[in-house]
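Using the sequences provided together with the hints, build the complete structure.
Protein chains in written order, with numbering that gives the first Met the number 0: chain F, 0 to 311; chain U, 0 to 410; chain C, 0 to 294.
No wet-lab data here; the hints were simulated from the structure.
Incorrect hints may have been included.
Pairs of lysine to aspartate or glutamate, EDC-like flavour, derived with a Cα cap of 20 angstroms [to be verified]:
(1) K168(U) - D224(U)
(2) K6(C) - D270(U)
(3) K120(U) - D155(F)
Stretch-level coverage of chain U by chain C, calculated; a stretch enters the list once three of its residues show a Cβ under 8 angstroms from a Cβ in chain C [said to hold, decoys possible]:
(4) 198–206
(5) 213–225
(6) 228–237
In this text, a Cβ means the ideal position worked out from N, Cα and C, and glycines have one as well.
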Amino acid sequence: MTLFGFSRAQTIAFGILLILIVVSPLVLYPIFLMQVMCFSLFALGCNLLMGYIGLLSLGQAAYFGMGGYITAYAVQSLGVTPEIGIVLGGLTGAALGTVFGWLAIRRTGIYFAMITLALAQMVYFFAVEAPFTGGENGIQGVPRGKLFGLISLNHDMAMYWLVAAIFIAGFLLAHRIIHSPFGQVVKAIRENEPRAISLGYRNEQYKWLIFILAGAFAGVAGGTKSLVFGIATLTDVHWPMSGEVVLMVLLGGIGTTFGPIVGALIVIAMENYLASFGAWVTVIQGAIFMACVLVFRRGVIGEIGHRLKQAL
Amino acid sequence: MTISRRSLIGTATAVAVAETLPRVPARAATPSLTIGVCSDFSGPYQDVGGNTSVACVDQAIAEFTASHPGMSVQVLKGDHQNKPDVGAEIARRWFDQSVDLLIDVPNSAVALAIAGVAKDKDKVFINSNAATSELTNKFCNADTIHWTYDTYMLAHSTGGAMVKSGGKKWFFITADYAFGHLLRDQTEAVVKAAGGTVVGDVDYPFPSTTDFSSYLVQAQSSGADVLGLANAGKDTVNSIKQAHQFGLTKTGIKLAGLLIFLNDVNGIGLDIAQGLILTESFYWNMNDNTRAFTKRVLPRTPNNYPSMGHAGCYSGTLHFLKAVNEMGIANAKKSGAGIVEQMKKMPTDDDAFGKRSIRVDGRFMCPAFLFQVKKPGESKIPWDYYNLLATTPAEEAFMPLSEETCALIKA
Amino acid sequence: MFMIFGKPAPLLFGQLLLGIINGSFYAMLSLGLAVIFGLLNIINFAHGALFMVGAFVTWGLLTYLGIDYWGALICAPIIVGGFGLLLERVFIRHIYKLDILYGLLLTFGMAELLQGLFTNYFGSSGVSYNAPDILNGVVNLGFMYMPVYRGFVIAASVIICGVVWFLIEKTRLGALLRAATENPTLVQSFGVNVPRLIALTFAGGVGLAGFAGVLAAPLYSVNPDMGSDLINTVFAVVVIGGMGSIGGAIITGFGLGIIEGMTKVFYPPGSAVVVFVVMVIVLLSRPAGLFGKVA
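Shown next as structure tokens:
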């Protein structure tokens with residue numbers, strides 16, 4: 000039985016995930032949960048790059064942040080409905096990914112990381128200077144609007160179900176991509192690039208496509224987040240955000256299906272509930288980064304999967 | 000996001016103690032309010048806001064509940080980290096948890112974001128520490144009151160005085176974001192209206208700039224009489240220190256710090272800051288009342304004297320409590336706009352600002368004081384830094400209603 | 000007045016000089032990074048944080064121990080270097096065999112940790128530190144007033160960069176170091192303690208960051224963010240110069256300082272991004288940087 004190509008263990012995990020999505024808003028603050036789902040989506044995209052093609056991007060914030068700006072701008076100033084706004088956010092991420100990916104995939108390793116960082120810095124600069132982003136103020140007071148022009152999203156729970164739907168769709172899509180024939184080739188490239196090339200695969204195009212997809216995920220995530228909070232700001236496009244999403248993937252487990260979600264949950268929960276300790280959040284994040292690299296390279300889900308001898 | 004609960008003073012402590020005892024029915028009888036202080040607790044504005052703002056709110060509550068023992072007030076504090084998204088998130092969460100008043104909020108970008116949330120949730124927002132005059136102009140709303148000062152007042156008081164004393168040619172160093180631009184544009188308007196000119200202007204990247212030398216040298220070679228610093232906090236402190244290093248004042252250029260607080264002067268030190276012209280609407284060593292207030296609040300904040308933003312937190316909290324008391328807590332909790340309306344009806348009266356009023360657009364009307372920083376020899380006691388040069392009455396210090404686009408004015 | 004590109008020449012000379020001052024910091028920091036990368040193959044993201052630590056140590060030496068600027072100029076780099084040695088022995092040595100990107104992630108975490116600790120302790124506005132009186136004056140150069148201290152920074156930086164370049168490229172010790180990175184087993188068989196050599200190299204590279212921190216303390220307010228504001232730019236410098244190229248790091252450091260300085264005259268808001276524009280162009284046209292060897 001392979002629903003969406005899930006293994007048995009993954010099917011169970013997916014079931015638990017669905018139950019949690021339905022039950023947790025009864026107990027937890029819905030805005031917090033929406034934030035976790037947005038960042039999960041962002042991390043899922045980043046995981047496609049890091050986990051399945053082995054490229055570390057230090058510029059994912061560019062796609063996340065610009066997706067947020069475009070969605071916010073489209074909904075607020077152009078008056079489009081929220082679903083169109085989010086699609087536009089995703090397209091922005093994909094479009095940026097297309098251009099930047101084309102430039103960046105020519106290099107690997109550290110040079111790839113540095114090019115993505117540099118390009119993202121330019122996007123940040125653009126966000127500071129361009130009039131429509133509102134500079135330091137950001138785009139504020141973005142209305143959530145009416146879904147398909149019909150259902151008002153002003154109530155937090157209405158918005159919650161929309162975010163949950165987008166999140167589940169994104170999650171299934173990411174999983175589907177990895178388990179398609181296309182995904183198999185991508186993994187082959189990660190494992191042994193020269194061999195994949197000698198087998199006749201045009202590895203650059205595969206890398207490029209994954210890069211674009213990661214950008215699209217980030218764009219959708221950023222766009223959705225801007226609607227949840229009604230604001231799009233420089234924070235989301237600045238480079239520490241790129242570091243944060245890498246941390247989520249690393250912590251959850253690089254190359255795992257559920258890892259990015261767990262990573263996002265832990266990081267966001269930490270920021271929300273430890274924030275009263277001031278800069279200790281930074282200290283703890285730093286310590287987790289170090290622990291992950293030194294003793295814990297599989298991440299939470301990777302480690303659990305390793306113990307259970309299951310791919311999660 | 001920061002939510003730290005602090006139980007306070009007499010009555011609040013009594014409630015806390017009562018809560019630990021089983022089955023005390025008295026609890027429901029004490030109606031309670033919650034005030035959230037959202038400020039910069041770790042960044043460049045922590046000295047002008049931060050814990051001293053909390054101390055001033057605590058002080059106002061202590062004084063009010065001493066004479067109104069029936070009221071219990073809780074205080075939360077949250078660090079907005081100078082990010083509008085973080086600030087909006089704190090505000091949303093607090094208001095959802097039934098915070099009745101959100102106060103302080105240095106940083107204009109964050110303040111505007113929070114004003115929007117306050118309007119959505121119909122809860123009271125008193126801004127005491129942000130500069131932008133847009134809070135009572137384009138983005139005014141029925142739930143927001145802007146206390147203490149704004150960019151218009153700074154531009155008119157400091158800018159006007161500098162031109163009057165002969166500073167005709169201006170060079171601006173501007174933080175490249177909305178607050179910096181607004182402060183520069185309003186000052187520029189004042190300078191030009193008074194017959195001055197602007198000979199140069201640089202926008203520097205905010206907040207990543209620590210080295211202002213390049214801009215200072217440009218100012219020096221521009222032939223300007225006055226260097227206008229359209230920035231705040233750490234940036235202002237750095238640019239003034241570096242202007243001193245590059246000998247700007249030796250070449251006869253006067254510095255106009257458009258937004259400087261007492262705490263910044265303390266950070267710069269009198270040997271460098273002496274002679275600076277600046278504007279505040281409160282100075283602790285102004286008269287017997289301000290000194291009395293300062294003496295009362297100092298035990299709560301022994302290392303940092305209150306400047307105007309802090310005093311605004313005290314004054315705003317006190318007036319809020321008076322208004323709520325007037326309406327009755329249950330009645331007041333129905334609508335933030337209702338409380339604000341009541342606050343606008345009543346005149347304010349406290350030791351920090353004296354007897355004042357709140358205008359229809361949410362503007363707290365207080366006079367602007369033009370100060371000059373003392374020479375090291377003139378300063379007799381700790382934090383004795385200012386000489387009063389001039390006073391601008393409130394009606395001239397703030398933007399006239401006729402020039403504003405605030406929707407509340409017509410209504 | 001004599002004009003260049005519509006700007007008065009004295010102004011441009013002034014900016015050139017200021018660009019060189021910033022360039023001195025870029026050069027010193029990227030030099031340390033290049034040494035560490037070239038010899039250890041570690042991308043030290045914590046370099047900016049260690050620069051910040053250097054500045055705080057300078058302040059601490061004066062405040063707690065009464066050791067003045069000149070003492071700090073010697074003590075602080077040693078203290079920071081010793082701290083680096085500790086970091087290398089406890090953490091970094093475990094990841095030499097892993098993919099290079101793990102080094103980046105590990106040191107990124109270190110940088111966050113250090114920055115967070117200092118923010119907790121000192122607050123993010125930091126503390127201030129004054130230059131010694133003898134360096135406090137101002138010299139009139141005709142085209143601008145030049146604070147003596149900034150001139151001192153240029154001189155100190157040029158000297159240090161020259162010494163390090165000479166040590167690594169022209170001495171026996173340097174030859175040994177380079178050999179050890181090429182073929183550690185062979186060098187070990189000559190009776191050289193390679194792990195110790197590598198640890199000391201790391202300490203040396205970090206000590207350079209500490210030295211830059213001492214020089215920076217009187218210039219800027221000593222604050223926990225001072226390193227992270229700089230680190231991205233310095234990384235760009237190293238990449239543009241060619242990862243691991245000592246001479247490349249020095250030349251590029253000064254060069255980019257000047258380019259950035261000029262940007263501040265013609266388009267000030269762009270000064271934050273010009274370095275990255277240069278980096279993208281260089282990486283796309285010369286993958287190994289301006290002075291790097293193609294692997």
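For each hint given before, does the structure comply? Return the numbers of the non-compliant ones in rising order.
When the structure is compared with the hints, only number 2 turns out to be violated.
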